[in-house]
Amino acid sequence: MAERYSSFAPGGTAWLLQRITAAFLVIVLAFHFFLLHFVNHAADVTFAGTQARMENVGYFLTMVLFLIAGTFHGVNGVYNALVNQGLKGTQKKVVLAVLVIASVALIAQGIYVAIAMAGW
Amino acid sequence: MSQSYNRGLIEDFGRWKEFSAGMWAWIFHKFTGWMLIGYLFTHIAVLSSALTGPEAYTNTIQGLESLFIVRVLEVGLLAVAVFHILNGLRLLMVDLGVGLDAQDKSFYASLVLTAIITIASVPTFMDGVTL
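Residue numbers (full-length UniProt numbering), protein chains in the order written: chain A, 1 to 120; chain B, 1 to 131.
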């Protein structure tokens, strides 16, 4: 049987979510770069243009889901990297708490900004 | 049944001279991942200028985009994101047990494709900016 080199304990919820968000992010991150650098040039971005995109409920929800998936995938990746590095005990608990608070704050701020962009 | 295999402490970056393709892929994936999550926090902070008002948002974005260094950093971000996406697809394949024999080749392919996509995107990213 092949050796496992994955950084994550296989079979767990976080392990599975990391891969589900990965598959989603591959598509949406590519779409995001393409839309805002090739279809619309980043230098030409205006509030009116952003609002026109964000007013579309499908786009708004995609961006919110993108934010949540990206935050989970990134922060969970950082946490697992630190655990692999040897983080344990109280330090591990403190780091997890800080990362969870930072994630919740980032998602809350991002959704608040997205609502302001949509003009709702 | 799985066998135990002593690979040593893989987090010991001092052993970089012994690293194989898969190890470099792992390190590059981790490094680009740290940069992407760092950027996400910065990105939301910059976009938060929308809370001040439409003009503040437009001026912030267009002001940043008028800077040569910002364009260069954006090309860097693209390279980091493209590599992370391509190597991520490679990792999903590895997790599914697909093409394990070619995992080193697919890492080299990720690097080459990243370079091609990044270089091809430079004209678009640097359009309309001067030093």
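By construction, these hints were calculated from the structure, which means they are not laboratory data.
One should not assume that every hint holds.
Claimed, not checked - Derived pair list, reagent style DSSO-like, types lysine-lysine, alpha-carbon separation capped at 30 Å: (1) B:K105 - B:K30; (2) B:K105 - A:K88; (3) A:K92 - B:K105.
Unchecked claim - Just a few of them, taken from the derived set where beta-carbon distance is under 7 Å, the chain B residues facing chain A: (4) Y39; (5) V46; (6) L47; (7) A50; (8) P54; (9) T58; (10) N59; (11) I61; (12) G63; (13) E65; (14) I69; (15) L73; (16) G128.
Computed from a predicted model, the values in this text were never measured in an experiment.
For glycine and all other residues, C-beta sits at the position ideal for the given N, C-alpha and C.
Worksheet item: For this structure, which hints from the list above don't hold up?
Response: As far as the earlier hints go, 2, 3, 4, 5, 10, 12, 14, 15 are violated by this structure, in ascending order.
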